[in-house]
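**Q** Spelled out, the chains give:
There are 2 protein chains.
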Amino acid sequence: METISENRCFGGTQGVYSHASDSTGTDMTFGLFMPAEAEDGPVPVLWFLSGLTCTHENAMTKAGAQMWAAEQGIALVFPDTSPRGAGVPNDEAYDLGQGAGFYVNATQDPWAEHFQMWDYVTEELPRALFDRFALDEARQGITGHSMGGHGALTIAMSFPERFASVSAFAPICNPMESDWGRKQFTAYLGENTALWEAHDATVLMREKGFPGPVLIDTGTADQFGDLLKTEALAEALAARRQHATLRLQPGYDHSYFFISTFMEDHVAFHAEALYGVTE
Amino acid sequence: METISENRCFGGTQGVYSHASDSTGTDMTFGLFMPAEAEDGPVPVLWFLSGLTCTHENAMTKAGAQMWAAEQGIALVFPDTSPRGAGVPNDEAYDLGQGAGFYVNATQDPWAEHFQMWDYVTEELPRALFDRFALDEARQGITGHSMGGHGALTIAMSFPERFASVSAFAPICNPMESDWGRKQFTAYLGENTALWEAHDATVLMREKGFPGPVLIDTGTADQFGDLLKTEALAEALAARRQHATLRLQPGYDHSYFFISTFMEDHVAFHAEALYGVTE
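Taken in sequence, the protein lines are chains D and G. Sequential numbering from 1 applies to the first sequence in the UniProt record's numbering. Sequential numbering from 1 applies to the second sequence in the UniProt record's numbering.
In case anyone wonders, no lab produced these hints; they're calculated from the structure. Just so you know, nobody snuck in bad clues.
No copy is singled out in the list; a pair is fine if it fits within one copy or between any two copies.
Taking lysine to any residue pairs in the SDA-like style, the calculated list, with each CA pair at most 20 Å apart, reads: (1) 62 x 260; (2) 208 x 226; (3) 208 x 225; (4) 208 x 251; (5) 208 x 221; (6) 183 x 89; (7) 208 x 220; (8) 183 x 198; (9) 208 x 250; (10) 183 x 90; (11) 62 x 257; (12) 62 x 16; (13) 208 x 193; (14) 183 x 224.
If we strip away everything but chain D, and leave its shape as in the complex, we get (with noise of 0.2 Å):
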């Protein structure tokens, strides 16, 4: 494992790190804050999933996520959302291919042989994480944003038993009934519906649930409001009685200014999930 940077922030240390990857068989670079409290022994974990387009570093550098997690004592993951270089296809459409690997598994040419997305985040990158770095592999939670969210979602939902919490900003919802879905999951995992289930948190959601707490925030005005399919949801939540807090914030759109702003409620969400407190 190769660092690229590691800097002061909030008491604790901003890093950058790259190491090869047997999923994608490429490198992969991914973000990791780790707090003070890190010196004296393993910490909670909140991982963040980003959405399309973006690497490791914007919500590393936009979100403003480590002053309220150097506050609670928490580490943060922003992995990348797909393989990339020279030799991985891609897509000259911004929503398929490099920085869209949507947290799945290709089984489809030409993706299949480096877009395993789904392996990296939940296998891999937790094992280099947990071998290398101080952090609490019994605490961890997990969000994200936009097709981050439909990550975090979809993981949380699929490994109920590592995650305390899950919580997501501007989740893509369900889909399999938008074409923020699709379309990916068409070239990614091929044209039978009934493999793309698996990756819908509107149907997982219906299916199983969550045993902890979920939090979703997304705006009124969010410019992609009709693709995130955030009523499926909404309507699975409350039909099956799921512990969660669902908030429609008026006037916010889709942005890491939406994110920042709400920030400090899902660190703060997912401290009391990863230490236990209760009100």
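Put chain G on the given structure of chain D with help from the hints.
**A** Just chain G now, kept in the frame of chain D:
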């Protein structure tokens, strides 16, 4: 208007009053909490509409609202849920007739003569209150529980210029599709379901929404959860991009223990809207 009782309470006064109602053709009783600030001039007012079987008294004694209303300098109004008395028709079921007015104007016999709760709560009682008490008509919020949550939501969306904010505890969300609704609407309004739509929060949310903020709390262990149809309103809120927070509170049921737990949040929510406070 007759004073039934007045008790000092959190520095203000909890009163109970009775007056002859033209709407219902009966005497009607209501509770009114006035905070200390009312001695200096008109204060904002929060309406609390109660649920099935309740009188004006249940929430007044069990919801724990006065502490928070006193802190915020807000008055609380607790209307009764139906006309009552020897000459008023009733039904042996708990969910029809006395204690079950459903906040509509009945058009069908034998209910039409007295069961005019829509007019009573939206016209006659407000006029009586604003004529007699130091209440600021320009600053009103509305909340309620169960059938009263249905009332709060439907009244707020019908009088959007009147209410700055609306919230509800475990509201009946979609009575047209629930056994808590179809039976009563048939009895009170007749079988033309087109006339029911003005009294269904989900239909109103789909068709017009609310210009202010909406807060809804419902317990995941609500024993009447299937009757509330929270999922229908959740879908409608999200589809409309309504400024709203829907919280599914883990382990809470339909009782006043649930209501009192979250009353502080609801009063603070309305206070923020009524005083124009923004973060």
